[in-house]
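One-letter residues, chain by chain:
2 protein chains.
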Amino acid sequence: MINSSNHTDSRRQFLRQAGLAAATVAVAGPAGALPLGAAAPLADSPRKVGFAIVGLGKYATEQMMPAFKESKHCKIVALVSGSPDKAQRLAQEYGVEAKSIYSYQDFDRIKDNPAVDVVYVVLPPALHAEYVVRAAQAGKHVLTEKPMAPSVAECQRMIDACRKAGKQLMVAYRAQFEPFNLDAIARIRKGELGKLRFVTADHGRQVSPTTDKADEWRVVQKLAGGGSLMDIGIYSLNAARYLTGEEPVEVSATESTDRTDPRFKEVEDQVHFTLRFPSGVLATCTSAYSIEGVKRFRAFGSKAYLDLDPATDYYRHRMVIGNADGELTTSMKEGNQFAAMLDHMAECAQQNKTPKTPGEEGLRDIKLILAIYESAKKGRPVKV
Amino acid sequence: MINSSNHTDSRRQFLRQAGLAAATVAVAGPAGALPLGAAAPLADSPRKVGFAIVGLGKYATEQMMPAFKESKHCKIVALVSGSPDKAQRLAQEYGVEAKSIYSYQDFDRIKDNPAVDVVYVVLPPALHAEYVVRAAQAGKHVLTEKPMAPSVAECQRMIDACRKAGKQLMVAYRAQFEPFNLDAIARIRKGELGKLRFVTADHGRQVSPTTDKADEWRVVQKLAGGGSLMDIGIYSLNAARYLTGEEPVEVSATESTDRTDPRFKEVEDQVHFTLRFPSGVLATCTSAYSIEGVKRFRAFGSKAYLDLDPATDYYRHRMVIGNADGELTTSMKEGNQFAAMLDHMAECAQQNKTPKTPGEEGLRDIKLILAIYESAKKGRPVKV
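Those protein sequence lines, which keep their order, are chains A and B. Residue numbers for the first sequence follow UniProt numbering, so the first one is 1 and each next one is one higher. Residue numbers for the second sequence follow UniProt numbering, so the first one is 1 and each next one is one higher.
If you're looking for bench data, these hints aren't it; they were derived computationally from the structure. Mixed in with the good hints, there may be bad ones.
Same chains, same label: a pair holds when it works inside one copy or across any pair of copies.
Keeping only pairs whose Cα atoms sit at most 20 Å apart, straight-line, the calculated SDA-like set for lysine to any residue is [unchecked claim]: (1) Lys367 with Gln221; (2) Lys265 with Asp215; (3) Lys58 with Ala324; (4) Lys164 with Gln137; (5) Lys69 with Leu56; (6) Lys58 with Leu90; (7) Lys303 with Gly293; (8) Lys213 with Gly82; (9) Lys48 with Ala115; (10) Lys378 with Val249; (11) Lys378 with Glu250; (12) Lys377 with Glu250; (13) Lys377 with Val249; (14) Lys195 with Phe264; (15) Lys164 with Arg134; (16) Lys377 with Arg259; (17) Lys378 with Ser151; (18) Lys303 with Asp313.
Same shape as in the complex, but just chain A (with noise of 0.2 Å):
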């Protein structure tokens, strides 16, 4: 019997009976205990890694360079943006010397900055492939905003790049480093919902290029690449492969844009699409730019079913696994997944040893979105 509760207590009871309190308690501590594949603490170093934002809207500025502040070995060094008054601004707020302001032009004269161990790429996927090369040949590694680049081409000119200096890539994934999705992969792995058969996920937001600058190259095929599932329907795609820990053998899809709207004159609205994988599990998940934000998934599995509603976002995140008994909310400390993650880049960079979510990463969830898009053109499945 599992009772309804959000008390620890009951959830620490509910792992008992499933014999995993051990093991998954864990994850329910303090932010920074993440069990899987994330990066475990630095032995004391000399100095902070050094981080070089290149790019700096909305999502670097109010979401991401914050998270510095909770990194336990990350420290922004430099920054590089097209602003120079902004670039300033925000220079003196992270205590960034004025001569590590860089323009775009003169990007690559980072090369002769030592305190730059790691260049991170925040701007419209279309400009990371160029950025990321030009970081790579100025002998730095390079952490990189999803989607990794509109094409395969582009991607394997970064992991190439990158390879070819010696340096690690890694794209920024933060929801493989969020504890909420670390802890249902890891019961997905230890057969609490019993055998996984399906996983439904569901991204959507709106798109407002009219009222929300951060918007505007969102709705632009040559910067974005794509629409609403490059943007944000690659979330519940990454989630459908590391819920079940399996590559799709196979993807469908459909498509629905109305194109009298403004905004979607360049990009896609929705897509839904499904992924066969070759345990026989099937991941059905849509993509949409028109509705009010959703970001959940849940993962069926003969036993239980674990659902994340919100699943990928920045916080306030929720859990309830279900069976034939009723529904637990669990209970468990949210932790600064950005943080996590630059700690990981860190780590990498100072052993230089391959991320958790490295170009290839990036690369294959890229090969999926083209698939997907060739299946709802072509209307019919194709084998991935």
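Start from chain A and add chain B according to the hints.
Structure of chain B alone, referenced to chain A:
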């Protein structure tokens, strides 16, 4: 600002803000106040409408027959069963005369029983056509369980037989008489979610033929006519239609069945499908026989979403409406959907008027189910 709350006051406040107070509060009233095409109270009738129950399985005896006690205008007056002992016991419980107990062989004698107005067929789907046709030929109105029948030809034969007899034929879509579902439809039609963009619906359960006698026929193709899609996926399908208020023009489907599982030698396990509606709305649905139970849907609009989970259970429905400001859990009295459906059938029998869910409604779902199977088999979208 929407407050998360179970209190009716908060809900009323929300409704007022949405300008829906007058119309929708009626829905939140006592069971039976069904605003959307359901039966209006009958004038005082000289006697209750008499029903014959054909098939005394678990669903009939545990869910549906007890609901007669809560109906206003219906009475069980005859039983048709292959188990005389069971029939006699139930006859005593429901006050049915011994002479009004029939076997399947002598069922046609029911034409001479003037107490029987309506025959309610609660047999496995493959037997519906035979008993609906025999009931019509006996001069009775007919209510039949869903799915209507495994083939279009059988559905058409049922419709034709009732038309020829001048009798009404209704398919027992109980969710279309359930107050939460009716409220969801009303909210969508009134634009409370903004412009409807897509629907997701998930229905699944563990089919357990070795431990639950009621599941034995469900894994036999010649009785069930199909697997999870026919039995419970039909709730996802029907909900997609009544929530959108449209008829789909295209279906795309993916099937996944472990044929080494002895339950699935004849019928399918999972079918996931997407319906495309003329307005551009999509409905993405799942159906499965190998998971812990789920019966839920969510409608996604441009301004808000509406979640019903469970959506199509017998009781304990839960509606949540969410927008950019938060979520509202609505509070509403549970109504007896079975009794509401039976009273609607009684009204249609007395007034000889077309039911809200006539044979044509059942036929539409069967055509779509067969198109979904075809799409999954051929690996391409099917126009409907």
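Hints versus structure:
no.: 1; hint: Lys367 with Gln221; in the structure: within (18 Å within a copy, 39 Å between copies)
no.: 2; hint: Lys265 with Asp215; in the structure: within (14 Å within a copy, 51 Å between copies)
no.: 3; hint: Lys58 with Ala324; in the structure: between (44 Å within a copy, 19 Å between copies)
no.: 4; hint: Lys164 with Gln137; in the structure: within (9 Å within a copy, 82 Å between copies)
no.: 5; hint: Lys69 with Leu56; in the structure: within (17 Å within a copy, 67 Å between copies)
no.: 6; hint: Lys58 with Leu90; in the structure: within (13 Å within a copy, 69 Å between copies)
no.: 7; hint: Lys303 with Gly293; in the structure: between (30 Å within a copy, 9 Å between copies)
no.: 8; hint: Lys213 with Gly82; in the structure: within (15 Å within a copy, 71 Å between copies)
no.: 9; hint: Lys48 with Ala115; in the structure: within (10 Å within a copy, 88 Å between copies)
no.: 10; hint: Lys378 with Val249; in the structure: both (17 Å within a copy, 17 Å between copies)
no.: 11; hint: Lys378 with Glu250; in the structure: both (14 Å within a copy, 14 Å between copies)
no.: 12; hint: Lys377 with Glu250; in the structure: both (15 Å within a copy, 14 Å between copies)
no.: 13; hint: Lys377 with Val249; in the structure: both (18 Å within a copy, 17 Å between copies)
no.: 14; hint: Lys195 with Phe264; in the structure: between (40 Å within a copy, 16 Å between copies)
no.: 15; hint: Lys164 with Arg134; in the structure: within (12 Å within a copy, 79 Å between copies)
no.: 16; hint: Lys377 with Arg259; in the structure: within (15 Å within a copy, 31 Å between copies)
no.: 17; hint: Lys378 with Ser151; in the structure: within (19 Å within a copy, 30 Å between copies)
no.: 18; hint: Lys303 with Asp313; in the structure: between (27 Å within a copy, 19 Å between copies)
In this structure, every one of the numbered hints holds.
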